[in-house]
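Residue numbers (the working numbering): 1 to 924.
If you are wondering where the hints come from, they were derived from the structure by calculation, not from laboratory data.
Check the hints yourself; a few may be wrong.
As the list claims (entries may be wrong) - Each computed SDA-like pair below joins lysine to any residue, with the alpha-carbon atoms no more than 25 Å apart:
id, residue 1, residue 2
1, K142, E96
2, K33, Y276
3, K134, E382
4, K86, I449
5, K45, E96
6, K527, Q509
7, K396, R375
8, K911, D794
9, K496, I484
10, K911, T849
11, K496, I549
12, K45, E485
13, K86, W497
14, K139, I292
15, K188, V198
16, K790, D872
17, K614, D507
18, K479, K496
19, K479, D507
20, K168, Y201
21, K142, V198
22, K896, K496
23, K898, N858
24, K577, D872
25, K142, E302
26, K496, I449
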Amino acid sequence: MSKSHWRFSLIIFVCVLISNLGIHEAGGKELKKVLLLQSYHSGYKWTDDIDRAIKAKLTREIGVDLRIEYLDTKRYYSDHFLALLKESLSRKYIHERFSAVICVDNNALNFVIANRNTLFENVPVVFCGVNFYKPEMLKGQKGITGINEHFNALETIELMRRVHPTSKRIIVVNDATTTGTILNQEIKGYRDSYPDVVWVYTDDYTFEELERLSRSLSSGDLVLHSLFLRDSNGNFLEYDEAVEAITKNTTVPVYSLWDFNLGHGVVGGLMISGRYQGEKAAELTLQILQGIAADDIPVVMESPNHYFADFSVMEQLQIDPDLFPPTTTFINRPPRLYDTYKVQIWLVFTVIAVLLITSLLLLAANTKRKVAEKRLLNLTVELDDRVKLRTQELSKANEEIRSREEQISHLLANLSGMVYRCRNDESWTMEYVSEAVLELTGYRAEEVIGNQQISFADLIDERDQDVVRQAVDTAIAEKTSYTIEYRIITRDNHIKWVWEQGLAVFDDQDGSVRYLDGIITDITARKEMQKEQIILAEAVHQTDDLVLITSLNGAIEYANPAFERTTGYRFSEIAGKNPRILKSGKQPPEFYEQMWSTLLEGNVYRGRVVNKRKDSSEYIAQVTISPIRNELGELTNYVGVQQDVTHEIELEENLRQAQKLEAMGTLAGGVAHEINTPVQFVGNNLNFILESLPDLEGFVTACITLATTENELQGDELSELEKLHEENDIGYLLDEIPVALKQSQDGIEQIAKIVRSMKQFAHPGSEEMIESDLNDVLQNTVTVSRNEWKYVADIVFELDENLPEVPCHRSELSQVFLNLIVNAAQAIESTREGQKKGVIIIKTAVMDTAVRITIQDNGGGIPEHVQPRIFDPFFTTKAVGQGSGQGLAIAYTIIKDKHGGDITFDSEPGKGTTFSVILPVSSC
Numbered sequence: 001m002s003k004s005h006w007r008f009s010l011i012i013f014v015c016v017l018i019s020n021l022g023i024h025e026a027g028g029k030e031l032k033k034v035l036l037l038q039s040y041h042s043g044y045k046w047t048d049d050i051d052r053a054i055k056a057k058l059t060r061e062i063g064v065d066l067r068i069e070y071l072d073t074k075r076y077y078s079d080h081f082l083a084l085l086k087e088s089l090s091r092k093y094i095h096e097r098f099s100a101v102i103c104v105d106n107n108a109l110n111f112v113i114a115n116r117n118t119l120f121e122n123v124p125v126v127f128c129g130v131n132f133y134k135p136e137m138l139k140g141q142k143g144i145t146g147i148n149e150h151f152n153a154l155e156t157i158e159l160m161r162r163v164h165p166t167s168k169r170i171i172v173v174n175d176a177t178t179t180g181t182i183l184n185q186e187i188k189g190y191r192d193s194y195p196d197v198v199w200v201y202t203d204d205y206t207f208e209e210l211e212r213l214s215r216s217l218s219s220g221d222l223v224l225h226s227l228f229l230r231d232s233n234g235n236f237l238e239y240d241e242a243v244e245a246i247t248k249n250t251t252v253p254v255y256s257l258w259d260f261n262l263g264h265g266v267v268g269g270l271m272i273s274g275r276y277q278g279e280k281a282a283e284l285t286l287q288i289l290q291g292i293a294a295d296d297i298p299v300v301m302e303s304p305n306h307y308f309a310d311f312s313v314m315e316q317l318q319i320d321p322d323l324f325p326p327t328t329t330f331i332n333r334p335p336r337l338y339d340t341y342k343v344q345i346w347l348v349f350t351v352i353a354v355l356l357i358t359s360l361l362l363l364a365a366n367t368k369r370k371v372a373e374k375r376l377l378n379l380t381v382e383l384d385d386r387v388k389l390r391t392q393e394l395s396k397a398n399e400e401i402r403s404r405e406e407q408i409s410h411l412l413a414n415l416s417g418m419v420y421r422c423r424n425d426e427s428w429t430m431e432y433v434s435e436a437v438l439e440l441t442g443y444r445a446e447e448v449i450g451n452q453q454i455s456f457a458d459l460i461d462e463r464d465q466d467v468v469r470q471a472v473d474t475a476i477a478e479k480t481s482y483t484i485e486y487r488i489i490t491r492d493n494h495i496k497w498v499w500e501q502g503l504a505v506f507d508d509q510d511g512s513v514r515y516l517d518g519i520i521t522d523i524t525a526r527k528e529m530q531k532e533q534i535i536l537a538e539a540v541h542q543t544d545d546l547v548l549i550t551s552l553n554g555a556i557e558y559a560n561p562a563f564e565r566t567t568g569y570r571f572s573e574i575a576g577k578n579p580r581i582l583k584s585g586k587q588p589p590e591f592y593e594q595m596w597s598t599l600l601e602g603n604v605y606r607g608r609v610v611n612k613r614k615d616s617s618e619y620i621a622q623v624t625i626s627p628i629r630n631e632l633g634e635l636t637n638y639v640g641v642q643q644d645v646t647h648e649i650e651l652e653e654n655l656r657q658a659q660k661l662e663a664m665g666t667l668a669g670g671v672a673h674e675i676n677t678p679v680q681f682v683g684n685n686l687n688f689i690l691e692s693l694p695d696l697e698g699f700v701t702a703c704i705t706l707a708t709t710e711n712e713l714q715g716d717e718l719s720e721l722e723k724l725h726e727e728n729d730i731g732y733l734l735d736e737i738p739v740a741l742k743q744s745q746d747g748i749e750q751i752a753k754i755v756r757s758m759k760q761f762a763h764p765g766s767e768e769m770i771e772s773d774l775n776d777v778l779q780n781t782v783t784v785s786r787n788e789w790k791y792v793a794d795i796v797f798e799l800d801e802n803l804p805e806v807p808c809h810r811s812e813l814s815q816v817f818l819n820l821i822v823n824a825a826q827a828i829e830s831t832r833e834g835q836k837k838g839v840i841i842i843k844t845a846v847m848d849t850a851v852r853i854t855i856q857d858n859g860g861g862i863p864e865h866v867q868p869r870i871f872d873p874f875f876t877t878k879a880v881g882q883g884s885g886q887g888l889a890i891a892y893t894i895i896k897d898k899h900g901g902d903i904t905f906d907s908e909p910g911k912g913t914t915f916s917v918i919l920p921v922s923s924c
């Protein structure tokens, strides 16, 4: 075979294999390119039926170049996968301009609408197979038309009643998916038209229950199979398995609304047909290609459904075909006499016609012979002229062929995949590879062709060489195409995953394999994405956190093993149920109202809740619930992650009590010192008064004695009294004793104040919050902590006298304020110079619905590297013996978790720190 011959054969093969090659008409007119976007994968009957119908329509038209892309969303559907599809199509068609785009099914239409501005800007769009179309699906976009997909259940029910007029019961086989629910609602609307029929619905059946129902059916029963792909337990079956679960278990007639159920035991019906959807989409596309604007073509709302019937099933059930409409298409119908002998009949007719025409020609031949002989000479001259003209045309055609080969070769060189032709030998010796081999393997084409530097077999990872050989040998034996995924090793020793599709070309004479033609594409990114998805799924499966996924209406769709271990519920028990089975009754209705308000706004909810296990025991969970959106930004699910923090909360409570005891121990020495000072001078004053009593007693006795004498005082008696007054210093005593008594009274009041403050500070906590004056709480805390700050700082109060009382745990807030005041004093002490005191400013203020408490110091501030962690549990900068260092972590828990407030700080090294506590007025 000549080089140009096999090269031209390869070009024809690639044109069939690669749907996106640019092709031009022989006359040089540019082809109109049409992109067909299939939502699902090749090999899926619905997809293949539409493919064949569109190809049959469009490929008959001269100048139409049809490309097909399969989005494969039935197998893979996630935001990440759709983003990869967008990137792939963007790169693949970066230099292409389409005249129209055909979208099949909802997923493809949604993908085009979401990415139209970047992938298909201003390109007319035709859709088909879109369930229950509504104009709002187009999001206001223009230049879109198509065909609605809608079932005709009523016509099929009427057909069933016409064919089986004595039937008494109709079983509607339908599932509870979104489409199934809509079908059920419409079918239920027809019940009143058939009052003598009993209707049975299976949307809450399992597959096992459906099979049992099928086996129990008897004469007088009919089955209308609409859609049953997922049962009430969430199990899935393929369409053929689902319908055969009925037809193989019953002898009653089964009718259907979809043509892909034909051939699986159903009688027939007015069915949605992929073929007719595809043909109609192709017709609309041709109108657009002929110059009609898509906006001028109205959407076809009447679904192009068609009557189908299985003749073999009808014979088995003794059903008269004449009861079906004349337009019905029958499958498995025995051929009629004309169908059997159609070729022979037309052959005989043709022979007779030829003989008749021949006779007429012979009659005319004599008459024309002379005329023909006369014209022969002229024709000879004319023939010579035509030969010359034909020679010129052949020369021009050969030039066009060479130009076409160069053009296609250029396109092959720019494909992302590597197109090849190789021998079926051990080395897979390449006879041709496109220039994409360089990007794929790192080797140039001339290095691979003929095994000049390396054979392609050497590039295949040794772990996959047997897999590749077996796949190719199997395809050769079965004379089918092969599709393989395997690893190759590139020039720079990197491993790539590739996808290969190819076909063996056989010798017409001896049937041997002449060569293999195919294409190899890099799928490393897809493999990594699949690996990432597997790892993520395994991480969710193995995590100790409880993971729960629900639908928008709260039905549970997934629960991980940690959820089962913690709650005691198996997933099979709770699938489809609402998470309210975990409610303990410890949260008020307002709690759930706030949670749902947050979620319905599309925000993440975080909170703590008391849940109930299956055995009625309770546990405390830290809950994070996040909304999940699809590529259009629409909410599709909720995912909840719970941590069982029961043990941690117990530890936190123990830590708070330990820290409170630590604070009380710290205060004990200071309070003792504060009390000791007034006690000391009260004692000194009492000793002074006791020592003065004898002198006062002697003087007073003398005065009383003289006062009771009846005689007038003599001069010597007065002198004696004055002497006694002077010796005992009575005037001094009368001046100092009232002062001593006043000082003692002040000291006792100071002691009483300290005791009262200490009592308020040490007041035991309560489960219930009480209305408290935070100004009073702060002043008591300052009093009991005086020994901690009086030598290093002065306290300045700036308290709002109109501060409202707030509901709170008073003792716990006292603990928070004590920690902040002591920390401020320690910060000032660590940086002060000499005996110079610092300042601690304590402020309160009213906000809109809250109160703010600020404690500000002019100490050294908090180092920047420490600031992000100061509220972390078990993080401390204090040396051993200076306390646990957990005060701020406990303060954070008390304010945030127990009071619903907030605690923040602002610190500048070298200038000081300000802590702000915000508490809500309505409920803390």
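Any hints this thing doesn't respect? Which numbers, in order?
3, 4, 5, 6, 7, 10, 11, 16, 17, 18, 21, 22, 23 and 24
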